[in-house]
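Undergrad: One-letter residues, chain by chain:
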Amino acid sequence: MAPAACLNFASMMGQGSSFLVTLSKPQQTPSGFSIRYNDEVLLVTRVWEDTPMDTWNREHPTRQVVYGSHVISVNGKRNIPEMIIALQESCNIRMEVARSLETELLDEMISRDRKMWNPLVEEVFNSLPERHCNCCKNTSCAVCLEDFDDEMVLQLPCKHAFHRDCISVWLLNRSTRCPLCNQVVDDSHWSWLGQRVTGCGSSAVYMALSWFVMV
Amino acid sequence: MARNRLNKEWKEVQRNPDPDILLELDGDSFEQWRAVINGPQESPYEGGRFQLKILCSASYPYAAPQVSFETKVFHPNVNFNTGELCVDILKTDWSPAWTLQYVCRAVVSLLRDPNADSPLNCDAGNLLRSGDLRGFNSMARMYTIEHAMS
Ligand SMILES: [Zn+2]
Ligand SMILES: [Zn+2]
Ligand SMILES: [Zn+2]
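For the record, the sequence lines run as chains A and B.
The first sequence begins at 1 in our numbering and counts up by one.
The second sequence begins at 1 in our numbering and counts up by one.
There's no promise every hint is true.
Derived list of chain B stretches under chain A, where covered just means 3 residues or more per stretch with a C-beta under 8 Å from a C-beta of chain A [as the list claims (entries may be wrong)]:
#1 2-11
#2 92-105
#3 122-135
Source of the hints: derived by calculation from the structure; they are not laboratory data.
Note that beta-carbon positions come from the ideal geometry of N, C-alpha and C, so glycine has one too.
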């Protein structure tokens with residue numbers, strides 16, 4: 001019942017496969033959404049609360065911009081670098097947004113980028129100190145759930161400790177964050193990469209295959 | 001790793017059961033689990049009992065478990081047909097420090113606080129986004145009575 005109603009709703013609303021979003025805002029005020037992009041596609045990852053974009057979504061329930069929304073053009077421009085500049089600098093934004101969501105593509109871009117960080121993280125990983133478990137914040141390993149037993153453990157900068165083997169699988173393959181407090185284990189690499197690649201102090205952070213920025 | 005860790009979780013669940021969550025092994029491998037969660041009070045799901053299917057791969061706990069509703073539920077973040085659910089901690093925000101019991105608690109919170117921003121059920125999402133809380137509650141209630149209270 002629910003999905004059928006949804007289809008009818010979509011066909012009622014949809015002439016064509018995209019819709020128009022217009023935002024007017026004062027100079028220097030962000031529109032309030034984050035995007036991820038590569039050479040071919042510009043996708044929305046998040047809309048921030050109490051921003052012009054958030055207000056637009058509230059006022060236009062049938063033309064909302066959400067995770068996975070595909071921005072096709074900005075102020076008539078279809079080339080990605082020009083679209084970014086328009087999003088960052090213009091006070092009057094006219095965006096053409098595709099009606100279908102590219103959530104799978106976006107998930108894939110994010111996970112592909114995660115994999116690309118690994119070699120860098122390995123260097124950082126090898127520099128993490130081993131400590132006696134008595135000196136650490138926690139008394140058991142949150143990955144295998146075993147209590148520490150008078151042994152040497154690997155300590156992260158946030159002082160949370162884990163068995164070396166347990167945490168290595170996580171940090172080298174999945175994430176750069178502490179499983180317990182979510183702190184990034186080493187963010188110097190982030191800023192370093194951001195500078196090296198964008199080279200202009202912009203807030204874009206290089207992500208191996210795609211970039212993200214808030215506009 | 002997955003097996004030892006799940007064995008530990010299994011013992012812990014038996015030692016400290018959560019009154020709102022029944023979590024059990026489904027079959028004799030540690031791969032498949034079944035949970036029954038109570039719909040949160042003061043929500044349209046109150047009084048309902050919702051069954052979840054939980055699958056843990058060999059990469060657990062580094063990879064999040066796959067969780068889906070077996071009971072039909074009308075909720076913006078649950079696919080009405082497949083029971084698939086959309087919650088950050090099972091996707092981008094997963095941490096290996098979380099357990100299956102924690103995941104079940106997160107699903108209970110999701111029932112209590114639906115997030116209309118990432119809808120898997122557009123009808124439920126649209127009702128909430130347009131501010132039609134009454135409409136949403138009555139639909140959710142209707143499905144709870146029909147599917148989760150028998
Ligand atoms: Zn461990
Ligand atoms: Zn930590
Ligand atoms: Zn739908």
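Undergrad: Any of the earlier hints contradicted here, and which numbers?
TA: none
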